[in-house]
Every structure is written in structure tokens, then in C-alpha cells.
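Novice: Read top to bottom, the protein sequences are chains A and B. With the first letter of the first sequence counted as 1, position 239 gets the number 239 in my numbering; the numbers rise by one all the way through. Count along the second sequence from 1, add 297, and you get the number used in my numbering.
No lab work stands behind these hints: they were computed from the structure. It is possible that some hints are incorrect.
Pair ranges (Cβ atoms, derived) [to be verified]:
(1) B:Ala378 - A:Ala111: 19 to 29 Å
(2) B:Val595 - A:Ile58: 36 to 46 Å
(3) A:Leu77 - B:Val588: 20 to 30 Å
(4) B:Val588 - A:Lys11: 12 to 22 Å
One side only, chain A facing chain B, incomplete, derived with CB under 8 Å [what the hints assert, rightly or not]:
(5) Phe20
(6) Ile23
(7) Ala29
(8) Tyr33
(9) Tyr34
(10) Leu36
(11) Gly125
(12) Gly137
(13) Asn140
(14) Leu147
(15) Pro148
(16) Gly179
(17) Leu193
(18) Pro196
(19) Val273
(20) Met275
Don't be surprised by glycine CBs; every beta carbon is placed ideally from N, CA and C.
Here's the letter readout for the chains.
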Amino acid sequence: MKRERRISSDKLFDICNVAFLAILVVIVAYPLYYVLIASISNPYEVYAGKTFLLPSQITFEGYRRVFREQAIAKGYLNSIYYTVLGTFVSVALIITTGYAVSKPTLPFRRAIMVFYVITMYFGGGLIPTYLVVSKTGLLNSVWSLILPGGVAVYNVIVARTYFETSIPEELYEAAGIDGSSNLGTFFKIALPLAKPIMAVMVIFTMVAYWNDWFTALIYMTNKDRYPLQLALRQILIQSQATATMMGNMDGGYAEANKITELIKFASIVVGAVPMLIAYPFVQKYFEKGFMAGAVKG
Amino acid sequence: MGKEQTAVAVPKQSLGKRVMKHWEFYVLLLPGIILTIIYKYWPIYGVQIAFRDYNAMDGFFGSEWVGLEWFRRFFTNFNSARMIRNTVLLSFYSILWTFPIPIILALLINQVKQKKFQRVSQTVLYAPHFISVMILCGMLRIFLSPYGGLISMIAQAFGAPPTNYIDSASAFRTIYIASSIWQDAGWGTIIYMATLSSVDASLHEAAKVDGANAFQRMLHIDIPELVPVIVIQLIMSFGNLMNVGFEKAYLLQTSLNKETSEIIATYVYEQGMLRAMYSFSTAVGLFNTVVNIILLIVVNKICNKLSNVSFI
């Protein structure tokens, strides 16, 4: 009797819990879905509040205009370039540093960690950093987006913990006996075993580069070098659709206004989709990455 | 680190020899260290322009010393109190609202027995985190537009008059915090999910045998397991009280909502980059950093006393 009641109350909890979470999932996903359907709907219908569940009077006019826009096309290419190069450099720095400081016998290991951790809590601030970047001749160069960030210290700690806990010391010793040099061990043993942590680092770094706009706003004065996010800023925040976007359009101000809205929806989709497609592939590693960071010593 | 200790474990070697033996590791470390010296430590050295009247000819060290002049100017500015208050309040309310939600979410998601549903719901809840602040603010502007905006339409369906929320100073914090919840509540569950997944399954089994229901097990097994992580996370958020997200505040700022949206960080940017007041901007930024570091130390001390956990 008692046993049955317990099971049924657990069942009830289960049902309520799943129902609640399902509602939550819908609420979180809906704004994204709404943007998607609005980007291919007649903007007048969207404005009138008739587009809630399905796109109405499907049109790809918004995407056509967005891709015709030079700033977006250029921004897209720039962002891909910055993201690929930046991710490669940053992850290489994280992994090499993390690996080196995971070596328990390394002299000055502790001092090197302190040297890095200080930069987590104290920095020169906006202007002194800007002045150094400009003094070292990086303004308007892709390196201004990559080098001033330095080494991502938190990620170094995560990587270090991973090397310490997930790769048994015996493996290194065996490699040493086989006559492998320290660098050889790094490339042949540590790196292949570090694939899960590298996947997490790559996705986090990639997202950070793809979504960054502020660094470019400060260091890139040449608009041809603007990344996608800054091109989007013009459309989304400053509400400026350029002449190329608006070109060959009949109708007056109201029409222009509606087309601008359509362009906004389309450009949001264009800017957000790459990262939204990428992250589910490494989702299973997220917890591992966070755990490694949480047990830092 | 004592010499006697190491001497017991390994045959005594001179420091030079030990360094030489590890030279490859130093090669791996070198690029990062050089970058950090140039782009982290050189700017720290440059912070002294907060006490000087910086000009490009004389550089960080050569510019004329003016002492606390820039700080005096900041504190006599009639807006400085407002900026400090805005920074602290925005941060404080953010923590208050955004902190508990991921914990509750993680507890609930952890209870889900249908693994497929669990994974899919996690994927969806993480999604907003991968959207840029730029796009988020663009979406907010569209959704909050008084005519035809999604949120405005919903509000108006419930009888609210058309309101220009983006320009409204009284709506700024609500917009800022509500959108943070949407964007990062799901993402914030990861650290708690990771902790919960390490809870010993036999504890739950034993509790089941004893007749504890799902809710009781959550209350008496899961939550105590989370407490240490919660404490550290909370303390870290308070330790970063002054580092409230600049990007969103800046992108949501309009000339009409500055009453609540102008925070120290946006002011530093405006004065430094847009008006080229290098020394003044650095001084204001330094004030922010110093307050934050004091907070961090105090909070770390409290944390040490309470639970013997320290995060610095």
C-alpha cells in the first residue's frame, strides 16, 4: 500500500516536471523561431501580428537584400578569417601553456601560474591597452583582435587540470623510456588524448571570436575590415539600411520601413546560424570542461 | 617547496640542471609569456597615466604628473554618483534574479528520466548563449518596438498602452536582466549538472527504499551536494560586482535612458575612445578596478572563514 503511493507520487512529480520543462523549452526557443519565420514572411503580416506560428506569404526578399549588401558579405568573410585564425592561435596557446604547467617537476611552475592568474583579476584597462596595441603597430590588423587577448587563463587552468587528471603519469614515463623527447611526448601522447578538452576549447574560442564586436570597434578603423557583428550593428542597432539594400524599391516611407524590418530579421538569422549549428556537436563535452575547471587547485 | 623536502624524493640536482632538463616546456610557454608581458603587464605599467596628463610624445612614464586631479574631477562630476549607483544596482539586481534560476533548472533537469528529452531540452536551453550580444540587442529592439514588436504586441493584448520600452529609463534594468535570464539561465545549469552527475547513485537507491519521494530526495540528497558549488559561484559573482557586462549596457543605451543605463564602463568607453580623454578615462577605469579588487579580497576572506574554500 505504502509502496504504491510512493510510486504514484513519483510519477506525478515526473509528469509535472517534464511538462514544466517542456513549456520552458518552448518559451526559450520561441523568440528564435519567431525571428526565423518573420525573416521569410511578408513584413506587413508580421507587423500586423498575423505571423505567430507559421510564416505567411513566404518571401526571400530579406535574404536577397542582405546578401546583396557589400558590408554583410565582406563582414562575413572577415569574420570567418578572424575566427579561424584566432581560434587556431588561442587554442594553441591554451594547450601548450596548459600542458607545460601540468608538468609537476617543472621548475618555476607555481611562479608561472601566479604570473598568469594575476592578469585574471587585474588589468591595465581600456585605454592603456589601446595605447599599447597602437604602439606595437597592430591597429587595423587582424592581430589586434587576437594578440591583446593574450592567453585565456581560465581555459589554461581547465586544460592543465585535464592533463593532470585524465592522462596517467605512467604513459609519460613509458614514452620517456622509449626515448621519446618531451616535445615528442606532447605531440604523440598528450595531444591525441586531449581531443575532448580541445573540442570544448575550440567551440568556446570560436564563439567568442565570431560574436566579438567590441575589440574590432576599438582597433579597426578601416570599415572594410569590420567583422560581421559590426556590419550587423549598423542594421540592428543604428537602424541604417544602406542604399544598396533599399535599391529598386517602389513605394514610400512606409514600404521602406517594412523592408528594413525584413532585412533585420534576415540579418539576425544570417549572423546567428553558424554558431547555433556548431555547438550541439560538442555539447556532450561541456560538462567535462566545466568540471575540470571547477576542481582547480 | 623546501629544498630538504625535494632532496628526499629525488637525487639532488642544481636548479640550472633541472631547468635545462625541462627546456622544451619553456619553449612551449614562451609565446604566451611574451604576449602576456606585452599586452597584459605593459598596460598595467601604463595605468600610471591615471595620475599623469598623458600625451603621446612623452608616453606612459614621461607625461606630466598631476596626482589625483582626474579622480577629483570624476567625483565632482554631478553624474558620478549616479554612475556608481547604476553600476552597483544593475549588478546586484542581476545576481539576485539570475543566480537562483540555473540551480532550480539543474535540479529539475536532473530528475528527468527520459534521457532523450533531457538531452534535447538541454540543447535548446543552451542555444541563446551562443547568440552574440549584438544580435540579442537587435532582437530586443525589434521585439520591444511599440508597434509590431512581439513583446509589445503581447503586452498590448493584455491591455498595456503602446510604450517605447527601449528609451524608457525605468524599463532598462528589467530588459537587461530578463534578457540575461533568457540567454544564460540554461547555460548556467552546466556546472550544477556536472556536480549532480557525480552524486553517488546508491544514495538515491537507499532513499527510495526508505520511502523518500522524488521531491524529498532532491531536497535531502541533491541540494546538499550542490551547496559548496553554490557558495563558490555566489561569492565569485559578488566578487565581480563592479564588472557588470559592458556590451549589453552600451548597446541598449539610448540618449533617453541614461538615467539608469549609464554605468562606469560605458562612461570609460565614451570618455576614452570617443572623446580621447585618455588619462581621465583611465582614472575612472582604475577606480572601478580597485573597488572590485577590494570587494574580491573581502569576499574571499569571508569565504575562507565560512567554508575554508578560497578561490584566489
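Novice: Next step is simple, just say for each hint if it's right about the structure.
Specialist: Going through the hints against the structure:
1. B:Ala378 - A:Ala111: 19 to 29 Å: violated (42 Å)
2. B:Val595 - A:Ile58: 36 to 46 Å: Between B:Val595 and A:Ile58, where Cβ atoms are some 58 Å apart, the hint is violated.
3. A:Leu77 - B:Val588: 20 to 30 Å: Violated, at about 42 Å.
4. B:Val588 - A:Lys11: 12 to 22 Å: Hint violated: Cβ distance 52 Å, outside 12 to 22 Å.
5. Phe20: holds (7 Å)
6. Ile23: violated (11 Å)
7. Ala29: Holds. Min distance 5 Å.
8. Tyr33: violated (10 Å)
9. Tyr34: Cβ of A:Tyr34 sits 6 Å from chain B, so the hint holds.
10. Leu36: For A:Leu36, the interface hint is violated, since the closest Cβ of chain B sits about 12 Å away, which is over 8 Å.
11. Gly125: Hint on A:Gly125: holds, closest Cβ of chain B at ~4 Å, below 8 Å.
12. Gly137: violated (12 Å)
13. Asn140: violated (15 Å)
14. Leu147: holds (6 Å)
15. Pro148: holds (4 Å)
16. Gly179: violated (14 Å)
17. Leu193: violated (16 Å)
18. Pro196: violated (14 Å)
19. Val273: The hint is violated - A:Val273 has no Cβ within 8 Å of chain B, the shortest such distance being about 10 Å.
20. Met275: Since chain B brings a Cβ to about 4 Å from A:Met275, closer than 8 Å, the hint holds.
When held up to the earlier numbered hints, the structure conflicts with 1, 2, 3, 4, 6, 8, 10, 12, 13, 16, 17, 18 and 19 and fits the remainder.
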